[in-house]
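Colleague: Single-letter residue listing:
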Amino acid sequence: MRYLLISFCVLLVSCGSYSKKQNFQLDNSASKKFENPYFSDETKDYVYKATIDVYDNSFGGLLIIKKITDKEHRIAFTTEMGNKMFDFTFTEDEFKVNFILDELDKKMLINILKKDFKVLITENLSVSNLYSENNNRIFETLIYNKNHYYYFNRNQLTQVIKAKNGKEKVAFLFTDINNNIANKISIKHNNIKLEIKLKSIIR
Amino acid sequence: MRNLVYLFLFLTISIQSQTKMSSSEAHALKSLVKEQALTTKTIFSDFTQYKHLDFLTNDIITKGKLAFKTPNLVKWEYTEPYKYTVLFKNETLYINDEGKKNEVDIGSNKLFKQLNSLIINSIKGDMFDDDAFHIMYYKTDKNSLVHFIPKDKKSSKYIDAFHITFNAKGDVLEVKMIEPSRDFTKIVFTNKELNKPLSDAVFTN
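Chains A and B supply the protein sequences, listed in that same order.
Per our numbering, the first sequence starts with residue 171, numbered consecutively.
Per our numbering, the second sequence starts with residue 43, numbered consecutively.
Quick caveat, the hints were computed from the structure, so don't treat them as lab data.
Heads up, some of the hints might be wrong.
[Said to hold, decoys possible] Below, simulated EDC-like cross-link-like pairs (lysine to aspartate or glutamate); rule was C-alpha separation at most 16 angstroms, straight line: (1) K369(A) <-> D139(B); (2) K196(B) <-> D272(A); (3) K199(B) <-> D275(A); (4) K369(A) <-> D96(B).
[Said to hold, decoys possible] Now the stretches of chain B that chain A is said to cover, found in silico as 3 or more residues with beta-carbon under 8 angstroms: (5) 80 to 86; (6) 90 to 103; (7) 124 to 133; (8) 139 to 145.
[Claimed, not checked] Some chain A residues flagged as far from chain B (calculated, every beta-carbon gap over 12 angstroms): (9) N206; (10) R244; (11) T248; (12) D257; (13) N281; (14) K285; (15) S302; (16) N304; (17) Q329; (18) T345; (19) N349; (20) N361.
No residue lacks a Cβ here, since even glycine has one placed at the ideal position from N, Cα and C.
Kindly produce the complete structure, drawing on both the sequences and the hints.
Modeller: This is the structure in structure tokens:
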């Protein structure tokens, strides 16, 4: 019985929200919307040298991101030699695979990429809660119905944490930031061995 | 009116700039390339790669050096804007990605292998394979342009056509791989040196 009680308590704690666990202070002074500044300039071609480490494999290529209109982004991946590996279109609520190599055409993989890239390119977000912690203002929002925490340090977006049941699932880190371009980006998954590292090649 | 004249001139030039070869001209080109191939033992060249994606404002430009030695050693070394080397040797692909070495490969490079063998074959002169490609011959001002359209259904899913430009001597100047989406990769060779001695050490990773 005692064990049951303890495990119940543990369960309660582990189900607690990420914000509570991190001791964030609620701050309701802000507006209901905020913006992700990256990949938001239609005149720019965003081209990154990418390294994808998945389990014990590592492969590279170029990740190419372009804002087409206010409501549309294209994301393509090619090898260094130019062979296209996939090409996706994101519109407000829709996602379309324009092309994918047969070898990569796996539902699970496409889903992971879709969710990760959606975070990179979604510009206008609704605030469900706003917190502060040290120098950070942290905006909680929903993407594909999952909680995401956007960390702004001195008005610069430095990281996004995707959390589930109080646990960090995916961490997006933006560094070497210049004129609303994050020259380095890391997307690290904690539940699977997957890390995507991006380095801008067009300055 | 003057604009109209210019437009007309421009149209005439662009129409003239690419005309179909007669079968005897095509035959002459084939034997020229074959001839050239027989005497070419090594190639050392700079290259510029243009990746064109229709949705981008500018092509993605990367540069490097190509080294080739008969019968089938090929090394593509990208130096700008990043360092990346891919070496084809003994049917294996060796990759050096800014110091990170890898021999493992993914399926997409099958395509590159195909391009690579096409380039090697174009050097050897036995790429004019009518079983594998629909081939069309054109002449431009000074050069020849050959379109290779794969007959194999599987590769035509990824590649619509290869366009190879030869100079008057039968040397490859430019290779363009066009995807079914009309996006393409174009590789332009410059400062090409033929038959310069290249030691096997060049072909290590």
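Colleague: Decide, hint by hint, whether the structure agrees.
Modeller: Evaluation of the provided hints:
Taking the CA atoms of K369(A) and D139(B), the gap is near 13 angstroms; set against the 16 angstroms cutoff, the hint holds. For a cut-off of 16 angstroms, the pair hint linking K196(B) to D272(A) stands: about 10 angstroms separates their Cα positions. Under the criterion of a C-alpha separation no larger than 16 angstroms, the hint pairing K199(B) with D275(A) is consistent with the structure, at around 14 angstroms. The straight-line distance between the Cα atoms of K369(A) and D96(B) is roughly 22 angstroms, outside the 16 angstroms bound, and the hint therefore fails.
For the region 80 to 86 of chain B, the proposed coverage by chain A is not satisfied: 0 residues have a C-beta within less than 8 angstroms of a C-beta in that chain, short of the threshold of three. With 8 residues bearing a CB less than 8 angstroms from a CB of chain A, the region 90 to 103 of chain B meets the requirement of three and the coverage assertion stands. With 3 residues having a Cβ less than 8 angstroms from any Cβ of chain A, the region 124 to 133 of chain B passes the three-residue criterion, so the hint holds. With a cut-off of 8 angstroms between beta carbons, the region 139 to 145 of chain B has 3 residues touching chain A; three or more are needed, and the interface restraint holds.
No Cβ of chain B comes within 12 angstroms of the Cβ of N206(A); the nearest lies about 20 angstroms off, and the non-interface call holds. Listed as outside the interface, R244(A) is inconsistent with that label: its C-beta sits roughly 5 angstroms from the nearest C-beta of chain B, within the 12 angstroms cut-off. With 12 angstroms as the threshold on Cβ separation, the claim that T248(A) sits away from chain B is violated: the shortest Cβ distance comes to roughly 6 angstroms. For D257(A), the condition that its CB be more than 12 angstroms from all CB atoms of chain B is violated, with the nearest at approximately 8 angstroms.
With a cut of 12 angstroms on Cβ distances, N281(A) stays outside the contact zone with chain B, its closest approach being about 19 angstroms. A cut-off of 12 angstroms between C-beta atoms confirms that K285(A) is not in contact with chain B; the least separation is 22 angstroms. With a minimum CB-CB distance of about 39 angstroms to chain B, S302(A) clears the 12 angstroms threshold, and the non-interface call stands. Chain B leaves N304(A) outside its interface by the beta-carbon criterion, the shortest separation being 35 angstroms against a cut-off of 12 angstroms.
In this structure Q329(A) is separated from chain B by more than 12 angstroms, as the shortest Cβ-Cβ distance comes to about 25 angstroms. Residue placement check: T345(A) keeps its beta carbon more than 12 angstroms from all beta carbons of chain B (closest about 18 angstroms). Consistency note on N349(A): stated as away from chain B, and its beta-carbon is indeed over 12 angstroms from all of that chain's, at 17 angstroms minimum. Separation of N361(A) from chain B is adequate, the least Cβ-Cβ distance of about 24 angstroms exceeding the 12 angstroms criterion.
Consistency with the previously given hints fails for numbers 4, 5, 10, 11, 12, ordered from lowest to highest.
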